[in-house]
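*Asks:* Listed below are the residues making up each chain.
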Amino acid sequence: MGEDLKFIMFSLGHESYGVDVDHVNTIERMMPITRVPKTPDFVKGVINIRGSVIPVIDLRGRFGLEETEYTEQTRIIIITINDIEVGLIVAEANDVFDINSDLIEPAPELVGGIEAKYLQGIARLDDQRVLVLLNLTEVLNKNEIVQLEEFEVTK
Amino acid sequence: MSSDQYLNMFIDEAKEHLQHLNDNVMKLENAPDNLELVQEIFRSAHTLKGMSATMGYDDLSSLTHEMENVLDLVRNRKIQMSTFIFDVLFNSLDILEMMLSDIFEGGTGKADVTDIVSALHMIVVKNIEEAHNIEINQGTENTAAELDEHQYSVLQRSLESKQVFYIKINIDEGCLLKVARVFMVTSTLERNGEIVKITPSTDDIEQELINNELLLYFISDVDEKTLKHEILNISEINSIQIDVVDHHFLEEHFVDMQQNKTENEEKMNEPKKQKKLEKQPESHSEPEKQQVSEKQPEKHSEPEKQQVSEKQPGSHFEPEKQKQPEKHPEKQHVSQKQPEKHSQPKKEREFKKKNETENKLKPKKQRVPDKKSVKTSSNRTIRVDIDKLDTLMNLFSELLIDRVRLDVLSSEIDRIDLTETVEHMSRVSGDIQNIVLNLRMMPVESVFNRFPRMVRDLAKSLNKEVELMISGADTELDRNVIDEIGDPLVHLLRNALDHGIETPEERIKSGKSEKGILYLSAYHSGNQVFIEIEEDGRGIDKEKVTNIALKKEIISKDESQTMTEEQIHQLIFSPGFSTADKVSDISGRGVGLDVVKTKINSLGGQIHIDSKIGEGTKFSVQLPLTLSIIPAMLVRQGEEKYAIPLTSILETDILQKQDIKIVHNINMIEYREKLIPILFFKNIYDIPGSYDPAEYNIVILQKGDEKLAVVVDEFIGQQEIVLKSLGNYLTNIFAISGATILGDGQVALIVDPNALFK
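So the protein sequences, as listed, match chains L and X. Position 68, counted from 1, in the first sequence is what the UniProt record's numbering calls 68; the numbers after and before it change by one each time, with no gaps. Position 85, counted from 1, in the second sequence is what the UniProt record's numbering calls 85; the numbers after and before it change by one each time, with no gaps.
This is chain X alone, in the form it adopts within the complex:
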């Protein structure tokens, strides 16, 4: 049970990260120099890696690990992004997606990642060699918090009376507000003693130039265990390592640092020495470690492992640390890379020295994404199971019914205080209704966001140049509609790419720019949501469509003469229709568009086509805002009440009995100079009753261009109704789409007007 819960969470989050990765890699493709994006990509990849390792999906994590290595080089400007790298990255993302859907379907998420991993590895190795020299030059000044003379003497003196600690704190990489965490750490410490030296420096911290590691010299009376406990209480702190400092340690360290500086100046190019130096300060502190009992860090790869075991469980980032030292402990270039990776601030400072201009840009650049993340973290959300929302909705609709009853009762009893209470309750429940309905709304973004990638891949495989422009991604739709609308939209987009937009050559010939433009937009209008897919391609050739329809016997010769433009366009939705001369992988098999239409109709929506030959085509999909509450007209026939969705009603009218004409044995009436069929409600649903007035109440229903009239006994009125299904026992009932519960607690059936058009 509990592992299932984690699994769902894992899948949800992993999907999000993958989406994020896809989006950002796409963006990066257009702006390869944007290091901010690389940072973001790196972060997502890293989180994904941590998550999958925690869940035990090794293939997932090893693949992301390699991706991360590549990205790391990119963000440190060691390699330039190239088409090859992009392709490999996209490939990796596809494989990740595959594995994830395997996991989702209950699989193990195993996949053969060796090829792609070695491809990624190639990128890393090849470039590391190239970057070798640069890296060494940039070398590290230090790893530990170095001390100046003043600090040294302060610490020396404090050793007489108090304890001095050398503290190494590791902040969670996923932490969004590192500055805040650092602040929490320092303030916690300051309550317990005095911070003598902090690395990165306070200036750097304020500029948000921090990586994940924080090094401190700290004087305190408090013992090490309490300190450790207090700091680990701060969230997003991965690990803490506290070493007790004595004279010996200080001396070594101080001297080291001096040496380090001189050596750095003199022998910048000798990597081994530096490596040694990095290790030195820590390895000298070993004697004290023994006192400190539980841990004896500083022995290169061991300390990290040690930390792992001490760390709180549940930290997502452990596996990486475990892996890195294990994986490449001896490889010269990798171990050089490592310290740098862990102590990035220094690197950034290096940049500062090296390149003034660049540096000026850098802190700013860095701060932008951080601010963004501040914003996202303040946008607080929780995940709720959709079933819970359904239950809430059900309970709420019961409440609505009771409210209507109370209304009736209070007007009967007619006591002012009761009436007032009921009125107040009505207002509150109205507000709740809005919220409950809104809870189920989601931006179409969640459907749209997979399209850029899809369009890119498709365009590539079709050798077309296409720019996808999306607007209105924040338009909200009911969750149920969102779940269903994805596939139809994919079909339409594929169709637009394959049949609509021409190849670059064709486009140039017809005087267009070689890049085709595909607009995808969504917006609200009234109670409907419109989603439009528009391209500036070749447009629908009406003649061709008519000919194919004739050939495939979808229409007759006579029909083809009288068809309107819209009707001809709608022909492409006929089953088995395809204008493609050749069948391609993407579309043209004649399956698809008819399915699209059926799906959209089943969602209570419609689809229209606008097309001009040579200029392009626009598909507009019209959908109901929500499937759970709809406006309807309540009608009575005999003793039964039915609800007719308002979206299908054109108008209501009164008709004289004698105006009904019989044409070919069908009852017809004249409506706006046209003959339309007229049906009797009591016949449609076999409703008993003999009431037969001289004047009929009629409802004019429409479906697309078709209209028909239905005779009912009485109109009760318009009302927002809550849609309920009839359950699994009664399915496929003729012309009934569901049921709703009326104010008196009775069930009324909902008419499916589309079924009446035959």
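If we strip away everything but chain L, and leave its shape as in the complex, we get:
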């Protein structure tokens, strides 16, 4: 029997995703964002969370999906990983789920248009729902931002 892991569940539209609760600082409602020039499109800007200035990225945009309008349900999940503090814009954020590590399977090549390298795995819940678990380190990989920037310059 594997250990129970806690995940925050959120959605980016249709699929449900999870991030390890240890990395999550807070979940905020949508708030005014200050645009930061000369950054990739998915970097929406910076926000003020209790005196700290934190960059915000649109997770759909980050995965190359079409960005959707923000609604009342839109949330910013503030996470910290490897000394990097970032806000992730998600369509909706739900509860904390306990998932037994035995239930986590390796991710297939592509889930909902997201490449496998951004995923830690997928978990099948009791009610037949599938939770896609994100590999945050890769999601926030800065080298990739640099590549994207170069791409934008050349284009």
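Take these hints with a grain of salt, some might be off.
Here are the simulated lysine to aspartate or glutamate pairs, DMTMM-like style, with alpha carbons at most 25 Å apart [as the list claims (entries may be wrong)]:
| # | chain 1 | residue 1 | chain 2 | residue 2 |
| --- | --- | --- | --- | --- |
| 1 | X | Lys-657 | X | Glu-695 |
| 2 | X | Lys-661 | X | Glu-714 |
| 3 | L | Lys-38 | X | Asp-713 |
| 4 | L | Lys-38 | X | Asp-686 |
Beyond 12 Å from chain L on every Cβ pair, some chain X residues (computed) [said to hold, decoys possible]:
| # | residue |
| --- | --- |
| 5 | Met-393 |
| 6 | Ile-401 |
| 7 | Asp-474 |
| 8 | Ser-560 |
| 9 | Asp-705 |
| 10 | Lys-724 |
| 11 | Ile-733 |
| 12 | Asp-744 |
| 13 | Val-747 |
I should point out that these hints are in silico values taken from the structure, not numbers from a laboratory. Think of the CB as a built atom: it goes at the ideal place given N, C-alpha and C, for glycine as much as any other residue.
Starting from the known structure of chain L, arrange chain X on it as the hints suggest.
*Replies:* Relative to the frame of chain L, chain X by itself:
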């Protein structure tokens, strides 16, 4: 966790002591006869030794121990300081520093100290032999509190009804206010009984002629344990040893003393006898010791060990006591030295008898440092983790934002009592802002204080004579700036020593005094701090600089024709530039000055050079007072707000659209009879918006001699802004140096004006 905490404390304090040692040894080098300094050095070395032994860094402590032995001889005038001793001392300090930085980096602090230890040891041994005779002559009159007839009879009588104790108290060597401690001890005792005899005498105590040991005869009803407990409650008391006195003890002691006196007079030169005598009074009291249970002191090296085990843990000075008796118990000369070391007051009194004139100076001399230490101890400080100050700063800036909101709200609601409350809060928070900012300020002294030593060593290795004069070391700077400014200053000082100041021969030839003078000064001006490094050396040879720059293709022939003096001087900051004909260890590899300039620019500072050939060079470094709160101009472009640091803004102006000229495809305007480029804010930062008036609001920015104009939609106003970083995710964003939070809680980005000059 907890040992980590101690480790940090240890490293901090050890560094301080080392710095102190360095400073004072330097001072001593200039005034070798100053015994006060030797005392101070001794004290620092001793504390350092105790600390490192407590932390288990044996090499550190054994090295400091040997240093201490040498210093002890110096302060007791047994040896004269010589260049050799100074060199050895400096060497030891270097090794200590090495070990310490090893510890800091997580190492064990181990190092091969055998060479230096034996060098130190040599000094000690060689001189002990020389000092042998003198020492014996000075001999000790007693170790115990001797009794005169009156005291003897008082004690005899008291024995009938009460208990008499012979008390030996050891005061912490690091104690700054020994007199106060002694007073606390005596008053504690007097509450419990009567002090018959105290050594050193009350006169000596008042004159602050006390070492660490206090000997008392004490009559009391209270039992020994309570006494002990009460006295150990007084802080900085290392140990106490209480012996119960009976008739036998008294008799022996009284007689002893008589003998002692006669023998002293007759056979001053016989060391062994004296040694025996010193021990006698105590060894006779042995029978009683048994009653007293836990301890049976007086058997030379054992008592000290015994005390150690009884002492409160955490006392820093135990290891020494443990070590000394163990180390040299049999060596004749050392054991002679020891009693004297432990009972210094007596020695001082000896001096009194021996040499009246000297003695008159001595108490005074002694009191001076003590007064100083009184002063430092009243200057109470605590150490605070810089992270805590950062957090405080963050919290405070949030409070500032809320305050602005409250201001707005209260003016909307317009109720007198609310307005008054908000106004009062504003005043208080203004005061807090000052304090919070001040908390982060540190005197540049913490950077400057390592320079004298560095300059001395460098000058020596370059065979130059240099006097370093420092002024304004108390000038305060933000802690972040202090952390960063050290290395650039080291580079500049090295450069001044190596390239600026000439060798003594050259100086004499050009009619200067052989000693070069290096001024290092710091002062505030406006919102800036200036640090200047000035020497009276050879000055910068403009022709030579230009030629080298041409040769290394840093500038073109055309450029060299039109350059101003300042521009030529600035060439030495170009990467790869070096005027040195030969590469030396110290500088001249062409790395350094360009790094200095980059560093200072990155701190938001600037560096200027003034130089006259044959007369010297002055580097002046201009730095912002603080990196955390800066004055800025808020501007609006489209719907976005940006902050431009005021330090870069020359002025704001209004410009007619048609005044923009296009030169070589670049937009230029005429500004004070010169053409300067003009940029549009919306283009720099890709800000959407189609507003295009006939009159432009422009900001003139400057960087050194360069200027440029930037067009913005609107000036919002000047404001003190709190600098925030954008974090680790967004790094290296073009022309943005950070962010700040505005009164409405929104984030505004801070423009990096230097990036706009290309």
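*Asks:* If a hint holds in the structure, say so; if it doesn't, say that too.
*Replies:* Evaluation of the provided hints:
{"no.": "1", "hint": "X:Lys-657 x X:Glu-695", "verdict": "holds (6 Å)"}
{"no.": "2", "hint": "X:Lys-661 x X:Glu-714", "verdict": "holds (22 Å)"}
{"no.": "3", "hint": "L:Lys-38 x X:Asp-713", "verdict": "holds (20 Å)"}
{"no.": "4", "hint": "L:Lys-38 x X:Asp-686", "verdict": "holds (8 Å)"}
{"no.": "5", "hint": "Met-393", "verdict": "violated (9 Å)"}
{"no.": "6", "hint": "Ile-401", "verdict": "violated (8 Å)"}
{"no.": "7", "hint": "Asp-474", "verdict": "holds (32 Å)"}
{"no.": "8", "hint": "Ser-560", "verdict": "holds (36 Å)"}
{"no.": "9", "hint": "Asp-705", "verdict": "holds (28 Å)"}
{"no.": "10", "hint": "Lys-724", "verdict": "violated (4 Å)"}
{"no.": "11", "hint": "Ile-733", "verdict": "violated (6 Å)"}
{"no.": "12", "hint": "Asp-744", "verdict": "violated (9 Å)"}
{"no.": "13", "hint": "Val-747", "verdict": "violated (4 Å)"}
In this structure, the hints that do not hold are numbers 5, 6, 10, 11, 12 and 13, in rising order.
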